[in-house]
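Student: Sequence:
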Amino acid sequence: YDESYKASNETLTRARSVLGEDDPTTLSLRTAFAADLRARGSFVAARELDEESRVLFESKYNEGDSRTLRLVSSLALDHGLNSDYRTARELYEYAFRRMSPSESDSTASDVLGAWIGISWTLRLLGQFQEAFDVSQEARDYAEDPDGLGQEHVSTLRAVIAYTIVCRRIPQMRQEALELARATFELSTNRYGENHPETLAIGISLSNLLRTMSDDYHDEALALAEATVGRYPRVYGPSHPYNFGCRGNLALLRRVMGDAATAREIDEESLNGLKAAIG
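Each residue of the sequence shown is one higher than the one before, counting from 15 in this note's numbering.
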């Protein structure tokens, strides 16, 4: 991600100077650089850049163009990462509605990304049943044999979103546990243990194991510690995701009776999050 950030930043600077702000190459680089900012944990800067880009995209193309809608979906993610879940939901729903095949040339991955985003924001707003219903629909769409298929990275994201919200619905936990195990194995084999989706499903699986019963706690702890240890290799040591996942590890330590270690991890995570996102 650091290499990507440097390359995008340098190239965007040159494109602005040589081609102008509204050239298609410059616009494409703006979205790439915003993604790199998110990958660095610079959530506010990413949101500000995408907000500026939306005006340029709508002027250069139009509101229903797939490039504009993809940008709106990214802006929704920015708002969610900055804890503005209501605005994020509104933007995801706006993009999703306009990505209809009859109105747009948006790809199946674009549609699925907005669909998953709606479920994500509903869950973060505490609307767990609604989030489950949406995530189930998104998963069915992704796993359709005529669509993306089970091994596509966007499908993995849909399944991860589904398993996370299932943890909030007790009667769905056992099914979600089996699915999370299978998805973790698939992602590890297909994309490697350090891939972002493998890390995400690893944390989700650990949380499910913790929630199921005490019988699963040892397995949950081993998985959480291994996954948390790999996060800094991917995102760098100061990324908010690292501290968020360490918070999950602390919770597991606490429920297993190790309150002292849990407090130590939580204090470190809190300080890291304050420094990273305020």
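Incorrect hints may appear among the rest.
[Unchecked claim] Straight-line distance between alpha carbons at most 20 Å, and here's what the computed DMTMM-like set of lysine to aspartate or glutamate pairs gives:
id, residue 1, residue 2
1, 74, 37
2, 74, 62
3, 288, 272
Don't read these hints as lab results, they were simulated from the structure.
Student: Run every hint past the structure and note whether it holds.
Tutor: Cross-check of the supplied hints:
1. 74 / 37: OK: residue 74 and residue 37 at ~8 Å, within 20 Å.
2. 74 / 62: Between residue 74 and residue 62 the Cα gap is close to 19 Å, so the pair holds against 20 Å.
3. 288 / 272: Violated: residue 288 and residue 272 sit about 24 Å apart, past 20 Å.
Hint check: a violation occurs at hint 3 only; the rest are consistent with the structure.
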